[in-house]
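Which chain is which? The protein sequence lines are A and B, in order. Anchor point for the first sequence: position 132 equals 132 in the working numbering, and the numbering is continuous, going up by one each time. Anchor point for the second sequence: position 122 equals 122 in the working numbering, and the numbering is continuous, going up by one each time.
There may be inaccurate statements among the hints.
To be verified - Straight-line alpha carbon distances no greater than 25 Å define the calculated PhoX-like cross-link-like pairs of lysine-lysine that follow: (1) B:K33 - A:K374; (2) B:K104 - A:K184; (3) B:K104 - B:K57; (4) B:K25 - A:K184; (5) B:K31 - A:K191; (6) B:K104 - A:K249.
By construction, these hints were calculated from the structure, which means they are not laboratory data. The structure displayed is predicted, hence computed values, not measured ones.
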Amino acid sequence: MARKLLLEHINVPGINTLEVYRQKGGYRAVEKALKTLTPDDVVEEVKKSGLRGRGGAGFPTGMKWSFLAKPEGVARYLVCNADESEPGTFKDRFLMTHIPHALIEGMIVASYALGANTSYIYVRGEMMPQIRILERAIEEARAAGFLGKNILGTGYNLELYVQPGGGAYICGEETALLESLEGKRGNPRIKPPFPAIAGLYGCPTVVNNVESIAAVVPIINDGGDEYAKIGIGRSTGTKLISASGNLVKPGVYEIELGLPVEEFIYSDEYCGGIANGKKLKATVAGGSSVPILPANLTLKYANGEPRLMSYESLSEGGFATGTMLGSGGFIAFDEDQCIVRNTWNFSRFYHHESCGQCSPCREGTGWMEKILHKIEYGHGTMEDIDLLWDVQRKIEGNTICPLGDAAAWPVASAIRHFRDEFEWHVKEPMKSQSTNYGLANYANPIEKQVEVKQDNL
Amino acid sequence: MLKVEETQPVEFSSALLEKFDEIVKRYPEGKQKSALLPILHLVQAEYGWTSVPAMDKVAEYLAIEPIEVYEVASFYTMYFLQPKGKYVLEVCRTGPCCLVGAEKIMNHIETRLGVKEGEVTADGLFSWRGVECLAACGFGPVLQIGPEYTFYENLTEESVNKLIDDLRKK
Ligand SMILES: Cc1cc2nc3c(=O)[nH]c(=O)nc-3n(C[C@H](O)[C@H](O)[C@H](O)COP(=O)(O)O)c2cc1C
Ligand code: SF4
Ligand code: FES
């Protein structure tokens, strides 16, 4: 059995209460940090752990913390990003529902490390049940003396509040989140200045994902070096993977980074294989924004070596033959799924969620949705496929925030790897309305190195 | 539930105002605008939607311009700018849920309720709409119903029928 650091006690009855959470060793990290470590010591441990941001970008958490500006007499803020809206990602909701105190404990330790006396957990508005769970947990923690004034007699003060969003994917982008927390529309800010210098209310601010903050607890309990021993290379520790799509056992799994993808999909300890005895056609390994890969490239690199669940291994081969770990939203497509339809669905999502500030994103996502709709419903031409490629190229890299890239990548990768399926929709418009393209040649791991150019169109 | 017409002025109850006051305390002096999103949720829970008179009243309470409230309410998807059914079935329509049959569930709901997406049933009880990923993809198809935003997971046509019947009886 792999080591579990976050979900070890997930099946213990009552683990959502402070009492049971403490029986299982909860709040030790708060006692240890506040009573025996300086804030800088805590930052140092997190640096040593090699923990990388679990929200999607994978930026080293300790380094991010050390960039926080500390001007005299100015408040600093820690804001937890619990907006979780990336299609395919549902680990944060799971963690907050079942072990809310893991997040509260992490927030206390992280706030102490950053010198924040007021911190916010920004939860997407749709998660009202989780907001109520967190508020109850905060009350329990306050009653036990872990929040409020003079925590555990150490002189450290912290107020922790839960803020609901209003329903907008873009508010997961950290500067849009801060705008939203200030009571405005979720329009991402132009950077610099980065939040570490001017974030919430213009004050130095750190924004971290739920899972990143929860991971601070085992890091402080066991030490950063211990944490760094788990995983592989620069992908240290454990990661929550949200598994969805056509799997025997979809759900949230905690894996040690470095687990072979094949084992994750097919072993009984994890997803248990593809549902209904079907074959795997494709995967989106890290949430809807990362490139889609055909089954063969999911399981193996182009040179035939096995692919692992880690930041480096999933991106092996660049965008030509690889993808990204992203937020860990692992979506599996079986042989009956239509890549064109899914790409259209994702494009509609990004068009719907574009905040509208930049023309390439606002207009480009709309055009991609339109063209994909046309192809999916049997009215497409071969030129449309090229036009689609052209539009996505013009969005990528030309926008204020990465939502533009996130909209472009799924389209680019779908055309790169499944162009024959798009062409089939054009050539067989009638047939494509009643049947789907099926597995084609994607499921068998490729034997020999296949030359795939980044820009093969 | 109270029904507020477009032109009818709104007075917030003292219980509601007390909740507003509690929220404003979470932010530093002068940053009370931060309370806007949580307050709009409370308003919608009370009245079923966010009407212009209610938004004007929120602006007055927070000492901000009405436009600052409208621009926020119109940006986020959760605030209803039109009256809806008492129960709004919000079904996830995004990729991962579609892999496991979300589209079939939406068609079924449309047939069962006999109204199109966004419309209200004649008895005023139900509306439905497709929404984007609800962070429950592994348990799809899913829907949620405000103002508590209870989640219903692993939907089948039968479980949807039962849900609708139960809500009718409530
Ligand atoms: C469009 C968009 C949506 C995002 N959504 C989320 C989200 O829901 N949750 C999250 O933690 N990070 C999200 N991020 C990443 C955040 O901007 C930010 O990098 C992250 O919260 C930092 O936390 P971490 O360093 O702990 O990962 C999103 C980014 C973009 C561009
Ligand atoms: S890229 Fe899209 S979502 Fe991001 S700021 Fe520009 S328009 Fe808004
Ligand atoms: S796709 Fe439906 S909950 Fe995520």
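Taking the hints in turn, this is what the structure says about them:
1. B:K33 - A:K374: This hinted pair is violated, its Cα atoms lying about 43 Å apart.
2. B:K104 - A:K184: Violated - the C-alpha atoms of K184 of chain A and K104 of chain B are around 36 Å apart, more than 25 Å.
3. B:K104 - B:K57: 41 Å, violated
4. B:K25 - A:K184: Cα-Cα ~18 Å, so holds.
5. B:K31 - A:K191: Holds, because 23 Å separates the two Cα atoms, which is no more than 25 Å.
6. B:K104 - A:K249: 21 Å, holds
Hint violations for this structure: numbers 1, 2, 3, all remaining hints satisfied.
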